[in-house]
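A.B. asks: Just so it is clear: in the sequence shown, position 20 is 20 by the working numbering, and no numbers are missing.
It is worth saying that the hints were derived from the structure and are not from the lab.
Check each hint, because a few of them may be wrong.
[Stated by the list, open to error] Across the chosen pairs, the derived CB separations fall in these ranges: (1) D27 <-> S4: 15 to 21 Å; (2) K69 <-> D2: 39 to 45 Å; (3) E101 <-> N17: 15 to 21 Å; (4) D27 <-> Q103: 25 to 31 Å; (5) T84 <-> N17: 31 to 37 Å; (6) S4 <-> E130: 31 to 37 Å; (7) R31 <-> G102: 23 to 29 Å.
All values reported here derive from a predicted model rather than from experimental measurement.
Beta carbons: idealized from backbone N, C-alpha and C, even for Gly.
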Amino acid sequence: MDLSKIKTLIDFVGRSNITELTVTEKDVTVRIFRASQGQEAAAEPEQEAGSTTSVGNDAGTDTPSRHEKTYAVKAPVFGVLHRTPAPGELPFVTIGDEVEEGQTLFIIEAMKVFNTIAAPRSGRITHLTEIDDGEVETGDLLAEIA
């Protein structure tokens, strides 16, 4: 399957209401899916050692209360996570940044296709993965927005 067909399939999934598409041509299978918008997580997510960092609590008002909902931003695909638009540039976001819905947070490179990961809602980044230019699995926690 050539790259233009894959790009066409990605565009199709992006424009449609479907959340997953699997296409097999000859001996190549391409699976394209997207995470649903507004996925919720608990205010205190389960964490693997070293997988996320959290906002410091200098004055006691910077961290969300236990009753405030946070939204998890999870990896929709397996690939290499890039926190910057290009090597040597500043990251898209850092902990504590205010983001707008639709703002680019990361890029995941999968099969030479660069997938932009956007903020599902407006808010403040409270958790951020430490992975940069490393592999992430589908469903890995990348960030949380309060």
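A.B. asks: Decide, hint by hint, whether the structure agrees.
C.D. replies: Checked hints:
1. D27 <-> S4: 15 to 21 Å: 19 Å Cβ-Cβ, so the 15 to 21 Å window holds.
2. K69 <-> D2: 39 to 45 Å: Holds - the Cβ-Cβ distance for K69 and D2, about 43 Å, lies within 39 to 45 Å.
3. E101 <-> N17: 15 to 21 Å: Given a distance of about 19 Å, which is inside 15 to 21 Å, the answer is holds.
4. D27 <-> Q103: 25 to 31 Å: Hint violated: Cβ distance 39 Å, outside 25 to 31 Å.
5. T84 <-> N17: 31 to 37 Å: 32 Å, holds
6. S4 <-> E130: 31 to 37 Å: 35 Å, holds
7. R31 <-> G102: 23 to 29 Å: 25 Å, holds
In terms of the numbered hints stated before, the structure departs from hint 4 and from no other.
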